[in-house]
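Chains as they are written, first to last, in my numbering: chain P, 1 to 121; chain H, 1 to 153.
It is possible that some hints are incorrect.
Derived lysine-lysine pairs resembling DSSO-like cross-links, with alpha carbons at most 30 Å apart [stated by the list, open to error]: (1) K14(H) - K10(P); (2) K90(P) - K10(P); (3) K10(P) - K47(P); (4) K124(H) - K135(H); (5) K37(H) - K116(H); (6) K82(H) - K135(H); (7) K91(P) - K10(P); (8) K68(P) - K90(P); (9) K82(H) - K61(P); (10) K124(H) - K82(H); (11) K90(P) - K116(H); (12) K90(P) - K14(H); (13) K90(P) - K61(P); (14) K21(P) - K47(P); (15) K10(P) - K116(H); (16) K61(P) - K116(H); (17) K91(P) - K14(H); (18) K14(H) - K82(H); (19) K68(P) - K116(H); (20) K116(H) - K135(H); (21) K82(H) - K10(P); (22) K37(H) - K82(H); (23) K90(P) - K67(P); (24) K116(H) - K91(P); (25) K14(H) - K21(P); (26) K37(H) - K135(H); (27) K14(H) - K37(H); (28) K67(P) - K82(H); (29) K82(H) - K116(H); (30) K61(P) - K10(P); (31) K47(P) - K67(P); (32) K21(P) - K91(P).
Derived from the structure by calculation, the hints contain no laboratory data.
Since the structure is predicted, the reported quantities are computational estimates derived from the model, not experimental observations.
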Amino acid sequence: MKVLVVDDSKAMRMIVIRTLKQSGIANLTTVEAGNGLEGLAMVAEHKPHAICCDWNMPEMKGIDFLKKLRADGNETLFGFVTSECSAEVKKEAEDSGAAFFIVKPFTPNAFEAALTPVLAH
Amino acid sequence: MCSNPLPTLNTVEKLMQCLLGNQVEARNSAPGPDLNKPHVVASYVDDAQAVQRVLVCELGLANSMGAAMSMIPAGVANDATKAGVVAENIAGNLGEVLNICVNLFTENAPDRLTFKDLQVCGPKNPAPPVKQAVKYAIDIPRYIGGSLLAGSI
Numbered sequence: 001m002k003v004l005v006v007d008d009s010k011a012m013r014m015i016v017i018r019t020l021k022q023s024g025i026a027n028l029t030t031v032e033a034g035n036g037l038e039g040l041a042m043v044a045e046h047k048p049h050a051i052c053c054d055w056n057m058p059e060m061k062g063i064d065f066l067k068k069l070r071a072d073g074n075e076t077l078f079g080f081v082t083s084e085c086s087a088e089v090k091k092e093a094e095d096s097g098a099a100f101f102i103v104k105p106f107t108p109n110a111f112e113a114a115l116t117p118v119l120a121h
Numbered sequence: 001m002c003s004n005p006l007p008t009l010n011t012v013e014k015l016m017q018c019l020l021g022n023q024v025e026a027r028n029s030a031p032g033p034d035l036n037k038p039h040v041v042a043s044y045v046d047d048a049q050a051v052q053r054v055l056v057c058e059l060g061l062a063n064s065m066g067a068a069m070s071m072i073p074a075g076v077a078n079d080a081t082k083a084g085v086v087a088e089n090i091a092g093n094l095g096e097v098l099n100i101c102v103n104l105f106t107e108n109a110p111d112r113l114t115f116k117d118l119q120v121c122g123p124k125n126p127a128p129p130v131k132q133a134v135k136y137a138i139d140i141p142r143y144i145g146g147s148l149l150a151g152s153i
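Produce the complete structure using the sequences and hints provided.
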């Protein structure tokens, strides 16, 4: 499974990737982007199976990245990994097509719990 | 006006352990950060961009938190602390740590806050006065620890 990890913090991308590995996803490979604009380019080039994306980023926020993907007809599995935890933000994420929402800081168990149900589909 | 409570010791410790490793410990700290020495102030704002909460860390702890996040050697953090600055290659990490620390004030709480910025302060430009505060000491294995204050403005 190829996962695109999008976060403007390189250290956080490393942590997300490490946690993805710890969560036991089979045949995992990862690609990275630093914001939503770079994410769009990476999606076009690498066609990931899933996207783990931060919310607040320069150039293009995560929610705008998701909305652009969906507007372009791209249905890649998409979820947020973010410090945002308000009900309003979660609702906007769901309404825009996000399949999972993981709040930072997170544990490998939290990642697995969020991803396993959506990957099973 | 933000009604979110200040974080408990357990909340702070759990968050720091998630971010920086299971061996991180937090303890109650009576004096809190010494504002006569360099310290870092993180501001958290409401949707109207008014500062509602602050996190004040001793500079040594701030550099250590940023370094520990991606296992930058402690010596780099310590040298920056001696120089009275946040190390350039630690600043991004520290920003992310403090960004995630917004959850100290928002988890299971009614009002949304976001991390606005961090500033290195000192005796001439100290952290703003707070209405209420909780103070903890943070110990990070292999790094210099220090005191942290979470306060309401």
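(request) May I ask which of the numbered hints given earlier this structure violates, with the numbers listed in increasing order? (result) 9 and 28
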